[in-house]
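Below, each chain spelled out in residue letters.
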Amino acid sequence: MRESLWKSVLSVRQNSPLVHNITNYVVMNNTANALLAVGASPIMAHAHPEIEEMVSICGVTVINIGTLDEYWIESMYKAAAKAQELGKPWILDPVGAGASNLRNTTVAQLLKYKPTVIRGNASEIMALANAGGKTKGVDSLHQSTEAIDAAKWLNENTGTVVCISGATDVVIFGNQKILIDNGHVMMTKVTGLGCTATSLIGAFVAGQPENAFEATAAAMALLGVAGEIATAQSNGPGSLQMNLLDKLYNITEEEFNKHIKVSQENGKTVSI
Amino acid sequence: MRESLWKSVLSVRQNSPLVHNITNYVVMNNTANALLAVGASPIMAHAHPEIEEMVSICGVTVINIGTLDEYWIESMYKAAAKAQELGKPWILDPVGAGASNLRNTTVAQLLKYKPTVIRGNASEIMALANAGGKTKGVDSLHQSTEAIDAAKWLNENTGTVVCISGATDVVIFGNQKILIDNGHVMMTKVTGLGCTATSLIGAFVAGQPENAFEATAAAMALLGVAGEIATAQSNGPGSLQMNLLDKLYNITEEEFNKHIKVSQENGKTVSI
Amino acid sequence: MRESLWKSVLSVRQNSPLVHNITNYVVMNNTANALLAVGASPIMAHAHPEIEEMVSICGVTVINIGTLDEYWIESMYKAAAKAQELGKPWILDPVGAGASNLRNTTVAQLLKYKPTVIRGNASEIMALANAGGKTKGVDSLHQSTEAIDAAKWLNENTGTVVCISGATDVVIFGNQKILIDNGHVMMTKVTGLGCTATSLIGAFVAGQPENAFEATAAAMALLGVAGEIATAQSNGPGSLQMNLLDKLYNITEEEFNKHIKVSQENGKTVSI
Numbered sequence: 001m002r003e004s005l006w007k008s009v010l011s012v013r014q015n016s017p018l019v020h021n022i023t024n025y026v027v028m029n030n031t032a033n034a035l036l037a038v039g040a041s042p043i044m045a046h047a048h049p050e051i052e053e054m055v056s057i058c059g060v061t062v063i064n065i066g067t068l069d070e071y072w073i074e075s076m077y078k079a080a081a082k083a084q085e086l087g088k089p090w091i092l093d094p095v096g097a098g099a100s101n102l103r104n105t106t107v108a109q110l111l112k113y114k115p116t117v118i119r120g121n122a123s124e125i126m127a128l129a130n131a132g133g134k135t136k137g138v139d140s141l142h143q144s145t146e147a148i149d150a151a152k153w154l155n156e157n158t159g160t161v162v163c164i165s166g167a168t169d170v171v172i173f174g175n176q177k178i179l180i181d182n183g184h185v186m187m188t189k190v191t192g193l194g195c196t197a198t199s200l201i202g203a204f205v206a207g208q209p210e211n212a213f214e215a216t217a218a219a220m221a222l223l224g225v226a227g228e229i230a231t232a233q234s235n236g237p238g239s240l241q242m243n244l245l246d247k248l249y250n251i252t253e254e255e256f257n258k259h260i261k262v263s264q265e266n267g268k269t270v271s272i
Numbered sequence: 273m274r275e276s277l278w279k280s281v282l283s284v285r286q287n288s289p290l291v292h293n294i295t296n297y298v299v300m301n302n303t304a305n306a307l308l309a310v311g312a313s314p315i316m317a318h319a320h321p322e323i324e325e326m327v328s329i330c331g332v333t334v335i336n337i338g339t340l341d342e343y344w345i346e347s348m349y350k351a352a353a354k355a356q357e358l359g360k361p362w363i364l365d366p367v368g369a370g371a372s373n374l375r376n377t378t379v380a381q382l383l384k385y386k387p388t389v390i391r392g393n394a395s396e397i398m399a400l401a402n403a404g405g406k407t408k409g410v411d412s413l414h415q416s417t418e419a420i421d422a423a424k425w426l427n428e429n430t431g432t433v434v435c436i437s438g439a440t441d442v443v444i445f446g447n448q449k450i451l452i453d454n455g456h457v458m459m460t461k462v463t464g465l466g467c468t469a470t471s472l473i474g475a476f477v478a479g480q481p482e483n484a485f486e487a488t489a490a491a492m493a494l495l496g497v498a499g500e501i502a503t504a505q506s507n508g509p510g511s512l513q514m515n516l517l518d519k520l521y522n523i524t525e526e527e528f529n530k531h532i533k534v535s536q537e538n539g540k541t542v543s544i
Numbered sequence: 545m546r547e548s549l550w551k552s553v554l555s556v557r558q559n560s561p562l563v564h565n566i567t568n569y570v571v572m573n574n575t576a577n578a579l580l581a582v583g584a585s586p587i588m589a590h591a592h593p594e595i596e597e598m599v600s601i602c603g604v605t606v607i608n609i610g611t612l613d614e615y616w617i618e619s620m621y622k623a624a625a626k627a628q629e630l631g632k633p634w635i636l637d638p639v640g641a642g643a644s645n646l647r648n649t650t651v652a653q654l655l656k657y658k659p660t661v662i663r664g665n666a667s668e669i670m671a672l673a674n675a676g677g678k679t680k681g682v683d684s685l686h687q688s689t690e691a692i693d694a695a696k697w698l699n700e701n702t703g704t705v706v707c708i709s710g711a712t713d714v715v716i717f718g719n720q721k722i723l724i725d726n727g728h729v730m731m732t733k734v735t736g737l738g739c740t741a742t743s744l745i746g747a748f749v750a751g752q753p754e755n756a757f758e759a760t761a762a763a764m765a766l767l768g769v770a771g772e773i774a775t776a777q778s779n780g781p782g783s784l785q786m787n788l789l790d791k792l793y794n795i796t797e798e799e800f801n802k803h804i805k806v807s808q809e810n811g812k813t814v815s816i
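Heads up: the sequence lines are chains B, Z and S, in that order.
Using the working numbering, the first residue of the first sequence is number 1, and each one after it goes up by one.
Using the working numbering, the first residue of the second sequence is number 273, and each one after it goes up by one.
Using the working numbering, the first residue of the third sequence is number 545, and each one after it goes up by one.
Everything labelled a hint here was simulated from the structure, so no lab data went into it.
Take the hints with a grain of salt, since some may be wrong.
[Unchecked claim] Calculated pairs, SDA-like style, for lysine to any residue (alpha carbon to alpha carbon, straight line, at most 20 Å):
{"no.": "1", "chain 1": "Z", "residue 1": "Lys350", "chain 2": "B", "residue 2": "Glu70"}
{"no.": "2", "chain 1": "S", "residue 1": "Lys656", "chain 2": "S", "residue 2": "Trp697"}
{"no.": "3", "chain 1": "S", "residue 1": "Lys626", "chain 2": "Z", "residue 2": "Asn373"}
{"no.": "4", "chain 1": "S", "residue 1": "Lys622", "chain 2": "Z", "residue 2": "Lys354"}
{"no.": "5", "chain 1": "S", "residue 1": "Lys622", "chain 2": "Z", "residue 2": "Asn373"}
{"no.": "6", "chain 1": "S", "residue 1": "Lys626", "chain 2": "Z", "residue 2": "Asp341"}
{"no.": "7", "chain 1": "Z", "residue 1": "Lys350", "chain 2": "B", "residue 2": "Asp69"}
{"no.": "8", "chain 1": "Z", "residue 1": "Lys354", "chain 2": "B", "residue 2": "Asp69"}
{"no.": "9", "chain 1": "B", "residue 1": "Lys78", "chain 2": "S", "residue 2": "Asn645"}
{"no.": "10", "chain 1": "B", "residue 1": "Lys78", "chain 2": "S", "residue 2": "Ser548"}
{"no.": "11", "chain 1": "S", "residue 1": "Lys622", "chain 2": "Z", "residue 2": "Pro481"}
{"no.": "12", "chain 1": "Z", "residue 1": "Lys449", "chain 2": "Z", "residue 2": "Pro481"}
{"no.": "13", "chain 1": "Z", "residue 1": "Lys350", "chain 2": "B", "residue 2": "Gln233"}
{"no.": "14", "chain 1": "B", "residue 1": "Lys78", "chain 2": "S", "residue 2": "Asp613"}
{"no.": "15", "chain 1": "S", "residue 1": "Lys622", "chain 2": "Z", "residue 2": "Trp425"}
{"no.": "16", "chain 1": "B", "residue 1": "Lys78", "chain 2": "S", "residue 2": "Trp697"}
{"no.": "17", "chain 1": "B", "residue 1": "Lys82", "chain 2": "S", "residue 2": "Lys626"}
{"no.": "18", "chain 1": "Z", "residue 1": "Lys350", "chain 2": "B", "residue 2": "Leu111"}
{"no.": "19", "chain 1": "B", "residue 1": "Lys82", "chain 2": "S", "residue 2": "Asp613"}
{"no.": "20", "chain 1": "Z", "residue 1": "Lys354", "chain 2": "B", "residue 2": "Asn101"}
{"no.": "21", "chain 1": "B", "residue 1": "Lys258", "chain 2": "B", "residue 2": "Gln233"}
Assemble the whole structure, with the sequences as input and the hints as a guide.
Encoded structure:
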């Protein structure tokens, strides 16, 4: 699997997919920079009169509810509906799901437009699936493994690939599962790396929407490996934020293969 | 006092308070990163339908008027009113007070909800108290000492702790005063470090709302000391922004005590 | 010409012009930091009730349509109209012009308020002038030289200085042209450096509105030279973003003169 994951990295660099983001104010700069670093081309746009054109010209739309309000929620609905209508991939990041009624009703409505991939921490995935669990803001309270039942429920009911990010990232589709053990705990001290993960998934899925499951794993593996290497070069979260962008930009196949820790489960068969 | 200030730093690291921010677009990323670096947990949320829930679940709300507009002003009023109703601490950063009529009427209204702490530069504090002084944008025109009368007026009329930041930071409550002589002039070349100061005050006050006076001094001392150390490692404001986050994250008690320059005045008694 | 360009750099440092920005969410932090680094004083403000006051108290207004929506478009119209009424300089950055009907109608309306300077990539300048060319998001598809006809048309019809940025930046006014061959391709991997260029043009024009042509060239030359030096010190776009701010802050006349590659054409006369 390592080879095909690295091929996804190269594919983004070569094809420079156009990634449309409706995301939160906190992370717009980092997200755009991470997309540029991996070779993608970011567009941030949310105005109702142009939202459908933006969905149409881009390879994928990423919807992140981090700093939602009534206007932006309407933008998200319009974009998701248009993507569904056109058969284009779109990705959902349910930031802070469970923290307010507004977030819960918004993600419930967005689920109806059947996202191609959902990425969240365990609390968010559980809130999404009404599998209980109140979120402590945007931080995770649960181990990612506890949310696997919720992810399976989401996959069965919407057909979406689900990625539960945490110390171990778990990507689920049907009875297949990919586990990624990369990353470093200091990454939780840089704001918005979850949001960055979701945008990178968008870039990777744009190039291979027919295999969103593996594209999602490739994006998560790249971010985890790059984050791990960058952390080793950093004195704290400030330099990590910077070094991570550098490493997303200049990571080599050798580095990727040296660090990646990934395993796949297909039903009861486990392969590495 | 040094010991109790350092205890506040440790307390934030250990208790990871949830800090709700209604702040400006320019600084959201930095503010969130600074809060994470000191060990707090940031939430940025402004939507009217969820604003009261956010105030309720968080330990403190920070309101910063930097890029206000009609919708956000209403969010600020709702949040401040809810915090007052619940007896929760909330912090006001009157960015650019005095620069427009809109800002003046907004902060006048916000004062009615009795913030726990106000932090601004001398111009902003003076504008707030109608003590004269026209602001030159968000930069300070006045020495912080000139605004002390304004700060005393604010304290007497609203019961709030007031922090005038500048070359010397002055924290005022009743007839007590703490002076902090840390920081470096290069910090004025990094956007939003005043806003960062205000958010850190929020994190510190969340853990000891009964002693917001000393919590405010601890936050200002931490930022000043970390900024001073970070400046010595930096070639300019770009690297300072990065090194500051690293230092907020990894500062030790030894470093803190070595650099801190703080004095306290209680009426006419001065102690160090 | 080198000497007068460097004089512009010094003038900004000495006079610290107040630069009002109505810009996009992605770049607000970087733009503010770049303005501070060169010695200017940034204000970000968009609220309708204060927009005219902000135009009045600032030396220049910079309007960037990157993340426009209905409210912000109205802010832009109000600001541009006020600047025109007061005879104050204002700068237009038509981000993504050509990518949606909304952007095209917005920039068409803004042109009526006769911007002092327009800066965009070749696609954007061409879209602006209806000279054809569909934009691929906010990236350039065209060599800057291809947009020169469009720039001339804009100059003739609105009297504005036009800067087409790209591998070679071209600044056009009447039959005069300044070509700047600085910068580095890695700068296209840092989000918003085009927007930063536009804000720096604002800072430079504020100090010499009577010579916006040369002020624009000075801002572009400074960014290009600083970017070139910063790239040589960087491992990727993350460190470039940081080192660029440092270099904008501490660049010396010697460095500027050593690296600058600028030439001027006046009709058929070329000078260096």
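Now for the hints, and whether the structure bears them out:
For the hint pairing Lys350 of chain Z with Glu70 of chain B, the CA-to-CA distance comes to about 16 Å; that is within 20 Å, so the pair holds. Between Lys656 of chain S and Trp697 of chain S the CA atoms are separated by roughly 14 Å; this keeps the pair inside 20 Å, and the hint holds. About 17 Å separates the Cα atoms of Lys626 of chain S and Asn373 of chain Z, which keeps this hinted pair within 20 Å; it holds. Note on Lys622 of chain S and Lys354 of chain Z: the hinted pairing is violated, with a Cα-Cα distance of about 34 Å set against a maximum of 20 Å.
For the hint linking Lys622 of chain S to Asn373 of chain Z, the alpha-carbon distance of about 17 Å falls within 20 Å, and the restraint holds. At roughly 19 Å between alpha-carbon atoms, Lys626 of chain S and Asp341 of chain Z fall within 20 Å of each other, so this suggested pair holds. Note on Lys350 of chain Z and Asp69 of chain B: the hinted pairing holds, with a Cα-Cα distance of about 15 Å set against a maximum of 20 Å. Taking the CA atoms of Lys354 of chain Z and Asp69 of chain B, the gap is near 19 Å; set against the 20 Å cutoff, the hint holds.
For the hint pairing Lys78 of chain B with Asn645 of chain S, the CA-to-CA distance comes to about 17 Å; that is within 20 Å, so the pair holds. Under the criterion of a C-alpha separation no larger than 20 Å, the hint pairing Lys78 of chain B with Ser548 of chain S is inconsistent with the structure, at around 51 Å. Distance hint between Lys622 of chain S and Pro481 of chain Z is unfulfilled; the C-alpha atoms sit about 43 Å from each other, more than 20 Å. Taking the CA atoms of Lys449 of chain Z and Pro481 of chain Z, the gap is near 18 Å; set against the 20 Å cutoff, the hint holds.
As the CA atoms of Lys350 of chain Z and Gln233 of chain B are separated by approximately 44 Å, the hinted pair breaks the 20 Å bound. For the proposed pair Lys78 of chain B and Asp613 of chain S, the alpha carbon gap of about 15 Å is at most 20 Å, so the pair holds. Taking the CA atoms of Lys622 of chain S and Trp425 of chain Z, the gap is near 37 Å; set against the 20 Å cutoff, the hint is violated. Straight-line distance between C-alpha atoms of Lys78 of chain B and Trp697 of chain S comes to about 37 Å, which puts the hinted pair past the 20 Å bound.
Under the criterion of a C-alpha separation no larger than 20 Å, the hint pairing Lys82 of chain B with Lys626 of chain S is inconsistent with the structure, at around 38 Å. Between Lys350 of chain Z and Leu111 of chain B the CA atoms are separated by roughly 30 Å; this puts the pair beyond 20 Å, and the hint is violated. The suggested pairing of Lys82 of chain B with Asp613 of chain S holds, with an alpha-carbon distance near 19 Å, which does not exceed 20 Å. For a cut-off of 20 Å, the pair hint linking Lys354 of chain Z to Asn101 of chain B stands: about 17 Å separates their Cα positions.
Our distance criterion of 20 Å between C-alpha atoms is met by Lys258 of chain B and Gln233 of chain B, whose separation comes to about 16 Å.
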